[in-house]
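A.B. asks: Sequence:
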Amino acid sequence: MDEEVNNLLTPIYYNIENPSSFSSASKLYHIVNADGKKIGYHKIKRWLNAQDNYSLQKTPRRSFRRLRVYTTGIGNLMDVDLMQVSNLSQWNSGYNFILVAIDCFSRRLWMQPSKSKKGVDIAKAFEKILQTAKVDKIRSDVDGCFKSKVVQKLFKERGVRHFVTKNEIKANYAERVIQTIKNKFYRYFTKKRTYRYIDNLQKFVKSYNATPHRSLNYIAPNDVTPENEADVWVQQYLNKKKSPDKTSRPNTKNPQKLKTEADLKRKRRLQRRKSYKFKIGSLVRIAYTRHIFDRSYSQKWTDEIFKVVRRFKNRTSRFIN
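Here the sequence shown stands for residues 4 to 324, numbered as in the working numbering.
The reader is advised that the hints may include incorrect statements.
Claimed, not checked - Distance condition first, Cα-Cα at most 30 Å in a straight line; then the derived BS3-like pairs of lysine-lysine:
no.: 1; residue 1: K195; residue 2: K206
no.: 2; residue 1: K118; residue 2: K209
no.: 3; residue 1: K41; residue 2: K195
no.: 4; residue 1: K131; residue 2: K121
no.: 5; residue 1: K152; residue 2: K120
no.: 6; residue 1: K118; residue 2: K194
no.: 7; residue 1: K185; residue 2: K140
no.: 8; residue 1: K187; residue 2: K206
no.: 9; residue 1: K140; residue 2: K156
no.: 10; residue 1: K118; residue 2: K280
no.: 11; residue 1: K120; residue 2: K46
no.: 12; residue 1: K156; residue 2: K187
no.: 13; residue 1: K310; residue 2: K140
no.: 14; residue 1: K121; residue 2: K140
no.: 15; residue 1: K209; residue 2: K41
Unchecked claim - Pair ranges (Cβ atoms, derived):
no.: 16; residue 1: D55; residue 2: Q205; range: 25 to 35 Å
no.: 17; residue 1: D55; residue 2: R269; range: 35 to 45 Å
no.: 18; residue 1: Y44; residue 2: D306; range: 23 to 33 Å
no.: 19; residue 1: Q182; residue 2: R71; range: 16 to 26 Å
Quick caveat, the hints were computed from the structure, so don't treat them as lab data.
For glycine and all other residues, C-beta sits at the position ideal for the given N, C-alpha and C.
Model the full structure from these sequences, guided by the hints.
C.D. replies: Given below as structure tokens:
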């Protein structure tokens, strides 16, 4: 591993307060290059893959079709949900839950710990969040703690309209950010050899809010302001470009697009060469489980690293170490 790249990325990636700490390769790439340090994406990707805390928790990419949520601007709609961390409570002063709130427009995040799901405890957490968050509507799942009398009274006093969603994706913005935060948590745990996060909880929030978001055209939530609100709205809802359909085939009926026989043979040769995902000698990990509903933040890959020594052509990939 390039020593210069390692010395540059280590203090950025492992400092909780920094934007893009314990995050993905693309976000680390944008932060590093925004500071004027020119490091290629593939170098950053290789460096991250060499870090156990990143590669062990790396999430397999799967595409899901999701409903669009339209908002009018900052503070129009907030998604809330409870992050369950009861398995970590003995190391974190008895806190079993974290109330997670995210502005659906700016992606700004708030988090407050709670020891139980009782209405009184959740109301206290909401009160701390609403001291700095100005919001018109709050969306949550059907969890009873959000419908308790104490919480509803607080919403009424603050002029907040609360409603629940009963579809399968629930409060999807909150659900998604919980996955991101838990990924950060477990990468931090793997690196620091500890399960205590409570002392650094707001540092994780600070880091997230300063990290550029792809959905905001790589603007950080902190940088979404009333001054650029209209531009961000246009970028989110009007300037969406359709991703190219990689499965579509070229139109061979159009004679202008037909290639020569030599070109087709060359293309077939290249396809045969690239038919294997891994090269002989590649170092790989083996997945424990790769099911759709596995927890994304827990370890999914073996600690052991294997070397590919033989490959076989088959409809399903099969490798022997």
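A.B. asks: Against each hint, give a clear statement of whether it holds in the structure.
C.D. replies: Outcome of the hint check:
1. K195 / K206: The hint holds at about 15 Å.
2. K118 / K209: holds, 22 Å
3. K41 / K195: The given pair, whose Cα atoms are some 28 Å apart, holds under the 30 Å limit.
4. K131 / K121: holds, 16 Å
5. K152 / K120: holds, 13 Å
6. K118 / K194: holds, 26 Å
7. K185 / K140: Given that 30 Å is the threshold and the Cα spacing comes to 26 Å, the pair holds.
8. K187 / K206: holds, 11 Å
9. K140 / K156: Holds, at roughly 14 Å.
10. K118 / K280: violated, 47 Å
11. K120 / K46: violated, 44 Å
12. K156 / K187: violated, 34 Å
13. K310 / K140: It is violated: about 53 Å lies between the C-alpha atoms, which goes past 30 Å.
14. K121 / K140: holds, 22 Å
15. K209 / K41: Satisfied, since the Cα-Cα distance of roughly 24 Å is no more than 30 Å.
16. D55 / Q205: 25 to 35 Å: holds, 26 Å
17. D55 / R269: 35 to 45 Å: Check passed, 41 Å falls within 35 to 45 Å.
18. Y44 / D306: 23 to 33 Å: Once the Cβ atoms are compared, 27 Å apart, the range 23 to 33 Å for D306 and Y44 holds.
19. Q182 / R71: 16 to 26 Å: holds, 19 Å
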